[in-house]
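Protein chains: 2
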Amino acid sequence: MAEVLVPPGVSPADFAAALAAFREAVGPDWVLTSEPDRASYLDPFAIGPRDEHAASAAVAPASTDELAAVLAAANRYKIPLWPVSMGKNFAYGTAAPVLKGAVVLDLKRMNRVIEINETLGYAVVEPGVSFFDFKEELDRRGSKFWMSGPAHSWGSVIGNALEHGVGYTPYGIHAETICGMEVMLADGTLVRTGFGAIEGSREWQAFKLPFGPVWDGMFTQSNFAVVTKMGLWLMPEPAEMAGVTIDVPGKGDLAKLVDTLRPLKLDETINTAYTIANGMRQITGGARRQEIWQEGGAISLERIGEVLAQRGKGWWNVIFNLFEHTAGGMDLRVEKIRRHFAAEMPEAKISVVRWKRGEPQQPWMRQDVSLAPFAIVDWRGSPGGHSDFGPVVAAVGERVNAVYELIERRFLEYGLDPWVGMFGIGGRALIFVADMLYVQDDAAMTAACKALFRQLCKDVEAMGIGVYRSHIEFMDDAEAIHGWNGHALPKLNDSLKAMLDPNGILAPGKQGIGGRQP
Amino acid sequence: MAEVLVPPGVSPADFAAALAAFREAVGPDWVLTSEPDRASYLDPFAIGPRDEHAASAAVAPASTDELAAVLAAANRYKIPLWPVSMGKNFAYGTAAPVLKGAVVLDLKRMNRVIEINETLGYAVVEPGVSFFDFKEELDRRGSKFWMSGPAHSWGSVIGNALEHGVGYTPYGIHAETICGMEVMLADGTLVRTGFGAIEGSREWQAFKLPFGPVWDGMFTQSNFAVVTKMGLWLMPEPAEMAGVTIDVPGKGDLAKLVDTLRPLKLDETINTAYTIANGMRQITGGARRQEIWQEGGAISLERIGEVLAQRGKGWWNVIFNLFEHTAGGMDLRVEKIRRHFAAEMPEAKISVVRWKRGEPQQPWMRQDVSLAPFAIVDWRGSPGGHSDFGPVVAAVGERVNAVYELIERRFLEYGLDPWVGMFGIGGRALIFVADMLYVQDDAAMTAACKALFRQLCKDVEAMGIGVYRSHIEFMDDAEAIHGWNGHALPKLNDSLKAMLDPNGILAPGKQGIGGRQP
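Residue numbers (the numbering used here), protein chains in the order written: chain A, -11 to 506; chain B, -11 to 506.
Hints listed in this document are in silico derivations from the structure and should not be mistaken for laboratory results. Note that beta-carbon positions come from the ideal geometry of N, C-alpha and C, so glycine has one too. A hint or two may mislead.
Beyond 10 Å from chain A on every Cβ pair, some chain B residues (computed) [said to hold, decoys possible]: (1) Thr208; (2) Ala331; (3) Asp366.
Calculated pairs, DSS-like style, for lysine-lysine (alpha carbon to alpha carbon, straight line, at most 30 Å) [said to hold, decoys possible]: (4) A:Lys76 to A:Lys66; (5) A:Lys324 to B:Lys132; (6) A:Lys344 to B:Lys66; (7) B:Lys244 to A:Lys324; (8) B:Lys132 to A:Lys344; (9) B:Lys301 to A:Lys479.
So the derived list for chain A, only partly shown, Cβ under 7 Å to chain B, looks like this [unchecked claim]: (10) Asn99; (11) Val101; (12) Gly176; (13) Glu191; (14) Ala194; (15) Gly205; (16) His313; (17) Arg416.
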């Protein structure tokens, strides 16, 4: 039998006592210590050996009362917990903790849709509500409001918003749809943010700016508390939609493309995130790698160009959807985009599909729940994995192009196919998703991925650029970029962490916060 | 000679030493202790004796280095400071501190417009930049971006955003236009939030969601740090604008009006805040009170109705502007609003004025700096003052109406004219501005205002409702409403305050935070 994994610094006796206290708190069925149970919390896309981030156990409370009892026991025995909503944070660690031996605090049993408000357009949900569940509930009620989902729908609605996930609608910056939370501090205190701090509030989800400071953002991408309820704004059903695809032939045209899209995004003519896919990203659809590339190392840019040419595609492909609430407005919006591109980039080919309220929904509208993006995982072979390098870059053509060229060069240098998407988001920035696709048990390849990510962190730090999120493997690296004035911001985070969670029981090391404490 | 005012708990000797240290820090000219200087920081609209919130001195650093030296001295001698940007927070205390005897930390000398970025549409400013200054700078540069200003333009751009001030454009929730700050903690540490924490960042103002927690909101309506720089997003010039006025006759129609406006606001057909003025608010324009009302106490509802009838006005008046970025779109937008009202409230009279890019700007567009709203101050007599009760209410007709009726009844009961505006903001809520207009040296009237405000706090607390900001006089009352789970949120604020500012030097009592510490 394998040695029992215990949390670092915790004696086997204390760990056993903690597990007993957890069982007392949540019932024996919901403290999971068996090998198969523990394995279910491993990262299926681990970058290297999965057990480097193995959990020692998992505990799954069904209520805030049970949660409080779990936290009390964790404080007593100094047990590091790793809270997950659904544990589906694919590509960023899934359910696995930064700290090997931490106990996963699995919130999937807290799964109520507490409210869907059809008057004001908001919902209140618990962490265990997935996008599948949520869509089903909206449909069941015949809601006239729409959900903004991410690329795949297994995950938690709360978890995605907390991790700054994005979707493909005007409400697609999911963290910005948050309005009011209930959180439990490490000491077991429940706090409601915003107007939820008023007994009997009906404004908790109605306005984001309460009397006093605004805490909601503090509980995103952090480990300051466990989020137990969240309010989220929902989008009214549009009158019209359009799906726009723009094909841009020349590899050298990225800067011009970004500069051309910018004013349309800034004034919200384009009122969702746009995605720019590079050539590599375009040739993977429906293809198997060995049909394209038989040599070692990364697919060459030349070869990518050949395949694009065979398929009649340009190097850059832009897609976005438009939402319009005033019937008839879509004609003007599409025409404006066509005119603008005709003037600025006449070589771009634009195609448009349309929808009007009352018509059946189409796949391009991305209103259905989906698992489609997983198709790419085994691109390099099985068992495949993927994770991404996600720098955030100002929507300025020459800067975006410089980061793109850097990433492409480094990917090729480290033997990885340069699979890159860029998401134009919020009008003023692009988030890169430079996807490292690897074979998990190819030690050389996973080592190359780790080295590549760390090299890229150094590269972009020199340009003044950071990332929007990261795999658990790289959280310290990503945090380390924030060095202004002697790392003043990371230190501030650590100070708040030490105050709120002196025993470091909540997700030590998440986003690099509180990870180096005893 | 009057006794020298010293901060509470500080000996005259320590105070003298602190002032000497302040002079060392900022130069002797910028430590202000004379009677006229101190008087300039009194609240010109004080609700009762102005010296109840008198400052003992003021100190005005010109740079972050000077500011750090001031904070060091304040920590050494335990001097409470009251940071103000321009000190023009009219109706909420202006420059006067909550705590009598605090030293005003006047940031008006830190007044650089550090950047106006014409590519990405943002600005970086210091606290001492007023809306007047900022508009002038935008005009000087021929910027193609527009400012979103508040009702009057004396104040600080930063100060207004920090206090959750609002304007009349699609960027009118000014706190939501904040993207990145530089703040100085009480211990003198400078911190840059968001991507500003990366050396050489060009993304500081490009994206609000950094790697890790989002601090910006924490430095609004709080006293956790001194904001020394702020990034703010600017609005692209629209292609078209419209100014819409809607007259609704019946006093009983408020609920229906709010419910009729809600879907148009929720889907951003109306893409700015709308203002609903009640009858009282409409009859003050261009009038003198004694012409309307010669009896004692508040103007009766009957009399308000008579004056409205004489002027041919309904009880409710709605105004808002529409912004459109796609030429031609305004026709559709206006037509949609007209059709919707024709179906839901045919008795409403709608009038519309229009503007297109290239035409001269008009006053209704509110793009000019202004002091106009001050005209109302002496309504009850001179020296007049005003402050408001500002509950935030979900955009649900029956609830808005219940709060309105409550406020009107209480105002009349306390002998004050029920001057009420409601601002439909963010789609899901209205902010009330129920303006108490009083004569400052009428002790009975100011006592009635105080009693009224506190009574209304109790009234709305029973409905689960809080306020969006308050005069310094009422900050503890406004905070006390947040009682959920044993005042968990106010206690969390106090804990963070104690950690960041153990000597309580920064704005003790602001928003009720840290006010009860030694």
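Results for each hint:
no. : hint                 : in the structure
1   : Thr208               : violated, 6 Å
2   : Ala331               : holds, 14 Å
3   : Asp366               : holds, 29 Å
4   : A:Lys76 to A:Lys66   : holds, 26 Å
5   : A:Lys324 to B:Lys132 : holds, 19 Å
6   : A:Lys344 to B:Lys66  : violated, 65 Å
7   : B:Lys244 to A:Lys324 : violated, 37 Å
8   : B:Lys132 to A:Lys344 : violated, 34 Å
9   : B:Lys301 to A:Lys479 : violated, 59 Å
10  : Asn99                : violated, 22 Å
11  : Val101               : violated, 19 Å
12  : Gly176               : violated, 11 Å
13  : Glu191               : holds, 5 Å
14  : Ala194               : holds, 4 Å
15  : Gly205               : holds, 3 Å
16  : His313               : holds, 4 Å
17  : Arg416               : holds, 4 Å
Checked against the numbered hints given earlier, this structure breaks hints 1, 6, 7, 8, 9, 10, 11, 12; the rest are met.
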